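Let the sequences and hints guide you as you build the complete structure.
Residue numbers (our numbering), protein chains in the order written: chain W, 57 to 349; chain G, 46 to 507.
The hints are simulated quantities; they were obtained by calculation from the structure and are not laboratory data.
Keep in mind it's a predicted model, so treat the numbers as computed, not measured.
We put the CB at the ideal spot given by N, CA and C, even for glycine.
Treat the hints loosely; a few may be bogus.
Covered by chain W, per the in silico footprint, the following chain G stretches (three or more residues, Cβ under 8 Å) [what the hints assert, rightly or not]:
| id | region |
| --- | --- |
| 1 | 120 to 126 |
| 2 | 216 to 230 |
| 3 | 301 to 312 |
| 4 | 362 to 376 |
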Amino acid sequence: MYKITKKEMLSDSIILMDVIAPRVAKHCYPGQFVIVKMDEQGERIPLTICDYDREKETITIVFQIVGASTKMMAKYEVGDSFRDFTGPLGCKSELIDEPIEELKKKKILFVAGGVGTAPVYPQVKWMKSQGCEVDCIIGARTKSLIILEEEMKKVAANTYVTTDDGSYGFKGNVNDMIKELIHNRGKSYDLVIAIGPVIMMKFVCLLTKELGIKTVVSMNPIMVDGTGMCGACRLTVGGQVKFACVDGPEFDGHLVDFDESMKRQQMYKTEEGRAILRQTEGTTHHGGCGLCS
Amino acid sequence: MGDVLKRIPVREQDPQVRAKNFEEVCLGYNKEEAMEEATRCLKCKNPQCQKGCPVGIDIPGFIKQVEEGNIEEAYQVISKYSALPAVCGRVCPQETQCEAKCIRGIKGDPVSIGKLERFVADWAREHEICPTAPTQKKGKKVAVVGSGPAGLTCAGDLAKAGYDVTIFEVLHEPGGVLVYGIPEFRLPKKTVVASEIENVKALGVKIETNVVIGKSMTVDELLTEEGFDAVFIGSGAGLPKFMGIPGENANGVFSANEYLTRSNLMKAFREEYDTPIIAGKKVAVVGGGNVAMDAARTALRLGAEVHIVYRRSEAELPARVEEVHHAKQEGIIFNLLTNPKEILVDENDAVKGIRCVKMQLGEPDASGRRRPVEIPDSEFIMDVDTVIMSLGTSPNPLISSTTKGLEINGHKCIIAQEENGQTTKEGVYAGGDAVTGAATVILAMGAGKAAAKGIDEYLSNK
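Next up, the structure:
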């Protein structure tokens, strides 16, 4: 059993938890993910690692309430335990193995969309710990969905907040913000790391391709085992079939077939379920959260 | 007494009834039936059956005890060789192993060895007879990676020899393919698999679930930080293979591994479990092995019309004859000498059919089987809404890519010596599908057994 030691509501629908998982906390790196299973009957839910504490032996997870399983997970309180918590799974971020001197030369922009801010945070934090200054855009539909802003400001050189409806920070989507930085604020970047809904990652990649900036994305497709057995998480990257759980979850964004991935995420959604999501999430919910299988 | 040339028939659920439930198909022998079948054994001085068994069970020895009604003694005989008799009695391909060599089989039916083994194991379970942990300890620790048939067998044998054994399992339940792969109707999970695992634990074996060797810990760390004296890798098969035809990533195309994992491990066929499964109305299962039959029969039970699509003819089907027979009885439709060329999708990228081509058998290929070749101008469309690809697997790179000095072959399988499981890295042994590629439960058990012997020899001389 894996005990919850901290629970925090980051917004009405986004929850942060620290969970004791010694083996995972000892070996994990930014970019990797875990599989959480609440109880005997529960699904195996893949969640990207949001932070880790090797001393306290905890892993931080962040999830958005989007379906029956995450709704139930949200009811767990400090002191409760998950039945299963497996990881770390997937490959660590490529940045981790790059020579620090090389990294320091690069101008890196992180682009975080909605709940995707959670997996961006440990990467920016890691960069800071290595003495690398990076910029970060946090984008969401509206102010209440902006998470981890204060935390991010502590580790990023510059944090830019943008909301679609202009209720907070810059008015516009993350692409508007990227363009603003590059065209109006004299910024330039060698590498973009974008994590968020698939639709956001798709459009960021279209823009960065145009701008000629290498872009890495983190995919979070439907998974069952998460260990390279079932093939549910397959996606097409550069014309090749890849398994997100063992080959990823991070890929070269300019090679990913996002349209196929978006369609695959719809697989287990019924018409009825989709209608509820449209009602509760509005048009921002495109199935890109990866939590709604 | 019946005709001595004929085996005592085993009772089964009616095909019409069982096609709609997940209860076990075969009901097994009762004691009277088992004792009568046992009388058919000739008790050969030079038993060929034993040579046909990958773990070398003293078959005439246990059958003699059954004949005399000493079922507990029969169980003790089998237990010396096998940690999983209730599993083997159900899923071993006896017809190509022990029963294929049975002298009775020269004229008439071979002795029903598998069904007798199953009876003995089930009887022992019902009478709560389980193995006991040895009192003599060796004071040495062995780590076993994976709790499938290879790992459980290796762990059980090492524990019997007095080693302190810990199994690390990546999934949330131990059992490997016995739990995620083979369906409930062929191998009941709670009664049979869970209790055989309890028996292995009764020998003193510890099982830790949710540990990803290669990620949570490396094999090297097991040997250094964790203080294990040897490691056995029985991590099983890996990534599912696909055909590489257009449309394969469409919604409604699954690997057999995914489909079976959802149903078996995650119990998606039961209402009270959260994991979804798409049953499909008309399902094509591509492939002809045991896994294909399992996927097909699972889809059938979930309510679909199911077709097996296989590019060779019936004679070449790699599945067990019994599985093919059961599948046909239940109403699975076999589209043989048929090969998919493209998966057709609708505007939502969901499967709406398969473009297939008819095949004929040509000259024998390297495997000795006649090579299927396309018949020109024979393409046709098969209307289906779900496709399950059952084409085998290729090894998972998680362990081989993170273990220094552990070499793999061209098929990415771990290189290990057949007789003792020794790999290219000192103190590390391997067996089962991780070494051979996808094979059977019993071959994996045989490899686990050989490796246990190899590890015992290695540690005894260390």
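Between the region 362 to 376 of chain G and chain W, see if three or more residues pass the 8 Å beta-carbon test, and mark the coverage as holds or violated.
-> violated (count 0)
Can you take a look at whether the region 301 to 312 of chain G is actually covered by chain W? Rule is 3+ residues, C-beta closer than 8 Å.
-> holds (count 7)
Count the residues of the region 120 to 126 of chain G whose CB lies closer than 8 Å to any CB of chain W, then report whether that count reaches three.
-> violated (count 0)
Checking C-beta pairs, does the region 216 to 230 of chain G have three or more residues closer than 8 Å to chain W?
-> Result for this restraint: holds, n = 3.
Taken one by one, the earlier hints fail for this structure at numbers 1 and 4, listed in ascending order.
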